[in-house]
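2 protein chains.
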Amino acid sequence: MGIEIERKFLVKSEPDSWRQGRALRLTQGYLAKDKTSVVRVRVTRSSEGEEAWLTIKGPTAGATRAEYEYPIPVSEAREMLDTMCDSVIDKTRYLAPEGQHTWEVDEFHGANDGLIVAEIELDSEDEAFSLPPWAGQEVTDDSRYYNSSLSSHPFCDWGGPSTS
Amino acid sequence: MGIEIERKFLVKSEPDSWRQGRALRLTQGYLAKDKTSVVRVRVTRSSEGEEAWLTIKGPTAGATRAEYEYPIPVSEAREMLDTMCDSVIDKTRYLAPEGQHTWEVDEFHGANDGLIVAEIELDSEDEAFSLPPWAGQEVTDDSRYYNSSLSSHPFCDWGGPSTS
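For the protein sequence lines, the chains are W and E, in the order given.
So that you can map any letter, position 9 of the first sequence is 1381 in our numbering, and since no number is skipped, the others follow by simple counting.
So that you can map any letter, position 132 of the second sequence is 1504 in our numbering, and since no number is skipped, the others follow by simple counting.
It cannot be assumed that every hint is accurate.
Said to hold, decoys possible - Lysine-lysine pairs mimicking PhoX-like chemistry, simulated, CA-CA at most 20 Å apart:
hint	chain 1	residue 1	chain 2	residue 2
1	W	Lys-1405	E	Lys-1384
2	W	Lys-1407	E	Lys-1405
3	W	Lys-1407	E	Lys-1384
4	E	Lys-1405	W	Lys-1405
If you are wondering where the hints come from, they were derived from the structure by calculation, not from laboratory data.
Based on the sequences and whatever the hints tell you, model everything.
Below you can see the structure in the form of structure tokens.
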């Protein structure tokens, strides 16, 4: 088991230096999303090709959560996304190095268009990190920004707030 | 993707020749069980050792259903069973050869004690097969006998019917 410790921030419209990082296109859906477990199917597409992953996450405790990740065939992941997921999230992920860490900046498309969120993964909950100039309000504990939540309650239905 | 075509029957108390087959102990729980998908974690224990599998099943259509199965580390499966599954099914599976097919006869323990169910996997819905002398009523379409259902509505709570 991996333990996932993440902090999540909204992203300001300027500066957008994070766009210079390597980009991946992510398409993902959920086979389960309840309080005790989340089961995610994800296809990643980059200049290096396509991969697919099945990820299982346990209950969230603060910024920490158990996570198990397994590679699966892309064709099987696409079948699951098409037949077992009621809604699918589509986003571009930019990898933005900043000091010792690499931020993942997710620019959402489709029903979540307009939303840009940055995540940093830490080794412990009290690990220090520098906040980039484009990082805005922290939303780690705001469940509306969970991807599992965005798949059924997308940003376009919120009526705000602005991410800038 | 595999396509799972199964028929399921209750098992009479006599004859119990199926007990002579190879036996596996199965412990399994569910990360998801809804109409569009079932996500099962299973640990199998036999004289040959332990294995664990993550299985994803699509919607049921008659006796047919899409199925995807991936091996995972036993230690991770046990963590998921302990922390993400509200109830766990425990059963002994006997493999009973009968003509061209091998039946799987599941004798349940714990909250499903007293229930014995046999399944045969077919290549097509109209494939012929011989019914063993210990096979009783067919329950293929009875959702109460789905393992995902037995985990939350166990046999001990039914007040019958008898399996003999």
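Here is how each hint holds up against the structure:
no., hint, in the structure
1, W:Lys-1405 / E:Lys-1384, "40 Å, violated"
2, W:Lys-1407 / E:Lys-1405, "14 Å, holds"
3, W:Lys-1407 / E:Lys-1384, "40 Å, violated"
4, E:Lys-1405 / W:Lys-1405, "11 Å, holds"
Violated hints for the displayed structure, listed by number in ascending order: 1 and 3.
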